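Student: What follows is each chain in one-letter form.
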Amino acid sequence: MDVITGTVTRTVDARGQSCPGPLVTLAKALKDAARGDLLELLATDPGSRSDVPSWATISGNHLLEAGELEDGTFRYVIRKA
Amino acid sequence: MTDEPTDELTQLLDQAAPTDDGLNKENKITIIAWGGDLDRIWPTLILSTTAAASGMEASVFFTFWGLFTLVKPGVRITGDNWMQKMLSVMNPGNPSKAKLSRYHFAGAGPGMMKKLARDYKTPLPSELLEMARDMGVRLIPCQMTMDLLGLKREDLIDGLEEPIGAATALLEMKTAAIQLFI
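Same order as they appear, the protein sequences are chains A and B.
For what it's worth, the working numbering labels the leading residue of the first sequence as 1, then goes sequentially.
For what it's worth, the working numbering labels the leading residue of the second sequence as 1, then goes sequentially.
Be aware that a few hints might be false.
Straight-line C-alpha distance at most 30 Å; calculated DSS-like pairs for lysine-lysine [to be verified]:
id: 1; chain 1: A; residue 1: LYS28; chain 2: B; residue 2: LYS85
id: 2; chain 1: B; residue 1: LYS85; chain 2: A; residue 2: LYS80
id: 3; chain 1: A; residue 1: LYS31; chain 2: B; residue 2: LYS28
id: 4; chain 1: B; residue 1: LYS85; chain 2: B; residue 2: LYS152
id: 5; chain 1: B; residue 1: LYS85; chain 2: B; residue 2: LYS121
Worth flagging that the hints you see were computed from the coordinates, not collected in a lab.
None of the values given here were measured: they were computed from a predicted structure.
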């Protein structure tokens, strides 16, 4: 895993969305981001636990963090490749 | 991590190598949307939209009953002769009218599926079609099906690619890393 440098530049709120909503919302947000930007994705879809890492593998972006917040929200930090 | 290519990357590079016919397998998914059933169109649109969101090229070739998915909402009867007109009445266009392949129950099934989708915040096929277009999924009508079923360009929604034939569809498939017939 690469060393995390920089801070999260944008939070993408995909809570309440279901497959493929969170990934579409994330992809749209990434379009406006610059290379190396860190984006935080918040999602409630349990499918995102497997889907976000798969998406990162296919798209070539870097998944730096994947975790769960206290309220059960899934949180991911992605760096745009 | 170093910049050494990983096994995964090497594999991907190998896959990208030209085949015997000189055509590269691109990072692309091509789906042949043959069925017009709600439960076929739904996964077709989810997969293609997700592929586009993952940076893959995605194209969907709509043929036979699948082509009715692209009929504009509000367009009811299409075709020039009674056979084509009858087919259009039996296959009301666009995903909001599509039938389920099983448990259709004279229309109650799709209604329940849509209610479930709403309750579980899953996008409806009509919304997915919009999302797919928005994400740059290439939606391609089959020319031969258009002729056969009497569907004209103006009967279909906007934002589609030019209609193509079987050879171009084959080329789409041949250059795609993933091909599906749904």
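Student: Among the hints numbered above, which are violated by the structure, and what are their numbers in rising order?
Tutor: 1, 2, 5
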